[in-house]
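Student: Sequence order for the protein chains is S and L.
Counting in this note's numbering, the first sequence runs from 13 upward without gaps.
Counting in this note's numbering, the second sequence runs from -15 upward without gaps.
FYI, nobody ran anything at the bench for these hints, they're computed from the structure.
It is possible that part of the hints are untrue.
[Said to hold, decoys possible] Taking lysine to any residue pairs in the SDA-like style, the calculated list, with each CA pair at most 25 Å apart, reads: (1) S:K27 - L:F(-6); (2) S:K89 - L:A22; (3) S:K27 - L:Q(-10); (4) S:K27 - L:V6; (5) S:K27 - L:I3; (6) L:K19 - S:Q31; (7) S:K203 - S:L46; (8) S:K27 - L:A103; (9) L:K19 - S:V60; (10) S:K89 - L:I3; (11) L:K19 - S:G93; (12) S:K27 - L:V(-2); (13) S:K27 - L:V108; (14) L:K19 - S:L220; (15) S:K27 - L:E53; (16) S:K203 - L:V10; (17) L:K19 - S:Y99; (18) L:K19 - S:S64; (19) S:K27 - L:P(-14); (20) S:K27 - L:I(-9); (21) S:K27 - L:L17; (22) L:K19 - S:R98; (23) L:K19 - S:R154; (24) S:K89 - L:D(-8); (25) S:K27 - L:A2; (26) S:K203 - L:P(-14); (27) L:K19 - S:P101; (28) S:K89 - L:F(-6); (29) S:K89 - L:Q(-10); (30) L:K19 - S:K27; (31) L:K19 - S:S54.
[Said to hold, decoys possible] Pair ranges (Cβ atoms, derived): (32) L:I(-9) - S:R72: 36 to 46 Å; (33) L:D34 - S:R190: 27 to 37 Å; (34) L:A22 - S:S54: 16 to 26 Å; (35) S:L57 - L:D34: 30 to 40 Å; (36) L:R13 - S:A193: 28 to 38 Å.
[Said to hold, decoys possible] Beyond 10 Å from chain S on every Cβ pair, some chain L residues (computed): (37) D(-8); (38) T(-7); (39) I15; (40) T23.
For clarity, every value in this text was computed on a predicted model and none was experimentally measured.
We put the beta carbon where it would ideally sit given N, CA and C, even for glycine.
Here is how the chains run, residue by residue.
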Amino acid sequence: MAGEKQGPLDQFTIKPLVQIDIGGADLSFTNSSLAMLVTVASVSLFLVVGMSRGRLVPGRWQSMAELSYEFVAGLLKETVGNEGRRYFPWIFTLFMFILFGNLLGMIPSAFTFTSHIVVTFAMALVVFAFVTLLAIAKHRLRFFSFFVPPGAPKLMWPLLIPIEVISYLSRPVSLSVRLFANMLAGHTLLKVFAGFVVALGAAGVVPLLFIVALTGLEILIAFLQAYVFTILTCLYINDALHLH
Amino acid sequence: MPQLQQIDTFLSQVVWLAIAFVVLFVVLRTIALPKIQATLEARRDRIEGDLDRAQTLRQEAEQVLAEYEAAMAEGRDRAQSAIRDAVEDAKARAAQAHEALAGRLAEDIRKAEARIETARAEAVGNIREVAVDVVQAAAQRLIGGRIARKSAADAVDAVADR
């Protein structure tokens, strides 16, 4: 797909904007880094400016800012309960970061940093490591009873325990691939159909309409995947706190 | 696919991800979240305060209503007793007046009867005198001499008593 001609996957290319080299490590500021900082700025503006008046009867903007807060707080309360409040700032940051990263990526020609497996995997790995350490810190050796399904006959343990361990270890993989694959597929599909619009000439109206519909769907998916990533993180925290 | 080919950019992506995430966390933790929490709390307090005040006002209204009803009942009682007193007073006065009138009438009747009695006695007395005179006169014509007035009177009485 790469080359002189623009392919549907070229939108994912990392382009260095400012070359930064520290001790031989390439830490260049790229279009991905820019998208991340734009996301940080957007979330901060959305919440800080939206809440700046802090009115008793909120306007539309303040309502949206409060809604996002209450949405994540409700999510955390439902899945973890009151013990989960300690982790709220992290969960909220995670949700807003992924949500705005996904949504800002929907702006034509903008870069979607969540469409890169290394980014989603890094986030999933941090979640996985945090949850595992939390569970071990809380339950010590009893943590390993998590891999024994309650009520299973001892005869089945040699079969069930490896399955449970593999299932546990595959959490960061499924968590990261789900977000990455959704973003990748959606953006690729949009570009493929955008190519059809040009190629078909007058008949290009049909794929154009399809793109419009697909864009709506992709915005939904942008929200949905942020939600899924967040709720799974909450469920993992719940598992870590309560084991079974 | 650039995601799997540009392996040399992985470090940069992860480092910038960490920087961006931590910056966002700090901004939200120190500025945005306290503000949202404070606003939501202020609203909740306000609503609870309003509800409390409404509750207090309702209780006050109920108390006032109870007081009003008690005052109404008391007023009604007092009005009833006032009416009763007035009726009794009027009845007593009417009875008194009636009695006084009856007494005066009885007195009048008694006086009138006394007057009639006096008149009758006078009339009877006069008739006796006349009868005595008539007896004297009749006796003079019959016997040609005068009889004592006493005898005539006795004769009249004897006839009248019969």
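Student: CA of L:K19 to CA of S:Q31, is that 25 Å or under?
Tutor: The given pair, whose Cα atoms are some 38 Å apart, is violated under the 25 Å limit.
Student: For a C-alpha distance cap of 25 Å, please report whether S:K27 and L:I(-9) respect it.
Tutor: Measuring from Cα to Cα gives roughly 13 Å; hence the hint holds.
Student: Should the hint that S:L57 and L:D34 are 30 to 40 Å apart at their CB atoms be regarded as holding?
Tutor: Holds, since S:L57 and L:D34 (Cβ atoms, about 33 Å apart) stay within the stated range.
Student: For L:K19 and S:G93, compute the direct alpha-carbon distance and say whether it is at most 25 Å.
Tutor: holds (23 Å)
Student: Is the straight-line distance between the alpha-carbon of S:K89 and that of L:F(-6) 25 Å or less?
Tutor: Distance of about 35 Å is beyond 25 Å: violated.
Student: Could you see if the CB distance from L:A22 to S:S54 stays within 16 to 26 Å?
Tutor: holds (23 Å)
Student: Would you check the hint for S:K89 and L:D(-8), treating anything up to 25 Å between C-alpha atoms as holding?
Tutor: violated (41 Å)
Student: For a C-alpha distance cap of 25 Å, please report whether S:K203 and L:V10 respect it.
Tutor: Violated: S:K203 and L:V10 sit about 36 Å apart, past 25 Å.
Student: Given the hinted pair S:K89 and L:Q(-10), is their alpha-carbon gap at most 25 Å?
Tutor: Violated, at about 40 Å.
Student: Is the hinted pair S:K89 and L:I3 satisfied, with a Cα-Cα distance of at most 25 Å?
Tutor: violated (28 Å)
Student: Sort out whether S:S54 lies within 25 Å of L:K19, counting only the CA atoms.
Tutor: It holds: about 17 Å lies between the C-alpha atoms, which stays within 25 Å.
Student: Take the C-beta atom of L:I(-9) and the C-beta atom of S:R72, compute their distance, and say whether it sits inside 36 to 46 Å.
Tutor: holds (45 Å)
Checked against the numbered hints given earlier, this structure breaks hints 6, 8, 10, 13, 14, 15, 16, 21, 23, 24, 28, 29, 30, 33, 37, 38, 39 and 40; the rest are met.
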